[in-house]
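Which chain is which? The protein sequence lines are L and B, in order. According to the numbering used here, the stretch in the first sequence is residues 1 to 121, in order. According to the numbering used here, the stretch in the second sequence is residues 1 to 135, in order.
No wet-lab data here; the hints were simulated from the structure. Take the hints with a grain of salt, since some may be wrong.
[What the hints assert, rightly or not] Going by beta-carbon spacing under 7 Å, a handful of chain L positions derived as facing chain B: (1) Glu48; (2) Asp52; (3) Ala54; (4) Ala55.
Small disclaimer: the values here were computed from a predicted structure and weren't measured. Backbone N, C-alpha and C define an ideal beta-carbon position, used for all residues, glycine too.
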Amino acid sequence: MSNELPQQVQHQLAQLQQAQQQAQAIFGQKTQLEMMLRDTERALEELEKLDDKAAIYKIIGELLIKSEKSATKVELAEKKETLDLRLKTLERQEKRIQKRFQELQEQLLPLLRKEGEKGAG
Amino acid sequence: MVEQKASEEGLRDILMQLQQYQASSEALQQQITLIDTSIRGCETAMQVLGRLDGASREMLVPIGAGSYIYASITSDQVLMELGAGISAEKSVEEARQSISERKDKLSKVVERFNKDLGEIHEEMQNLRLKASQYG
Numbered sequence: 001m002s003n004e005l006p007q008q009v010q011h012q013l014a015q016l017q018q019a020q021q022q023a024q025a026i027f028g029q030k031t032q033l034e035m036m037l038r039d040t041e042r043a044l045e046e047l048e049k050l051d052d053k054a055a056i057y058k059i060i061g062e063l064l065i066k067s068e069k070s071a072t073k074v075e076l077a078e079k080k081e082t083l084d085l086r087l088k089t090l091e092r093q094e095k096r097i098q099k100r101f102q103e104l105q106e107q108l109l110p111l112l113r114k115e116g117e118k119g120a121g
Numbered sequence: 001m002v003e004q005k006a007s008e009e010g011l012r013d014i015l016m017q018l019q020q021y022q023a024s025s026e027a028l029q030q031q032i033t034l035i036d037t038s039i040r041g042c043e044t045a046m047q048v049l050g051r052l053d054g055a056s057r058e059m060l061v062p063i064g065a066g067s068y069i070y071a072s073i074t075s076d077q078v079l080m081e082l083g084a085g086i087s088a089e090k091s092v093e094e095a096r097q098s099i100s101e102r103k104d105k106l107s108k109v110v111e112r113f114n115k116d117l118g119e120i121h122e123e124m125q126n127l128r129l130k131a132s133q134y135g
C-alpha cells in the first residue's frame, strides 16, 4: 500500500514510526529507572528504621561486604538524587517525542484521508 | 458506499482498541504472575523463620542436583535484603515483621491489578459485542 502513497506521505509515515519507536524506548528506560528509584527509596526507608550500630551489608557481585549505616545512607541518597535527575531528563525527552508524534499525526491524518478518498473515487 | 466506508472505519477502530486492551491485559497478567511469585517467596521465608524458634539448630541445605549438605545455625540474626543491593541483620522477629509487611503491600498491589484486569476484560467484552453488531 505504501508504494501507492506519495513520497512526502511515505516520508512522514516513516518519521511517525521512528517517533513511536523512540517513545517506546524511552518508556522502557523510564519504567526501569522508576523501579530502581522505588527500590532505593525502600532501602533508605528500611535503613532509617535500623539501629545506628546495625550490621549492614552491601552486595558487590557475589559478595556481601560489611558496611556502615551512615556511609550506606549517604551512598543511597546520592544514588536517589542521580536517579531523580535521570528520570526528569527522560520525562522531558518523552514530552518532546510525544509532542512531535502528535504533530506528525495531525499532519498525516488529513493527507491519508485525502489519499483514501482518491483511492475510493 | 459512504456508509460502508464509515462502517469499516468503525470496525477498524474497535479492533484497534481491542488490540490495545489485549496488550494491557497481557502486561498486567505478567506483572501479577511476578508479584505472586514474590508473595510465595515471602510466605516460604516466613514459614522457615517460624520454624526456627525452638527447632533443632541442625539442618540440610540444598546445593543443587537434589543434594543436601549438613549445616547448623550459629547466629540468631537473619540477614535481610532491604533493596538496592543493601542487606541488614535483623532479629528473627524483626525479619518476620518486615516480611509480613512486604507481603501485605504486594497483596494489595495484586488486588488492585486484578481489579484493573477485571475492568479491562469487561471493556473488551463490550467492544466484542459492538464489533459483532457490525457483522
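Each hint tested on the structure:
1. Glu48: Violated, because the Cβ-Cβ distance from L/Glu48 to chain B comes to roughly 10 Å (cut-off 7 Å).
2. Asp52: Status violated, d = 12 Å.
3. Ala54: holds (6 Å)
4. Ala55: Result: holds, 4 Å to nearest chain B Cβ.
Violated hints, in rising order: 1, 2; the structure is consistent with all others.
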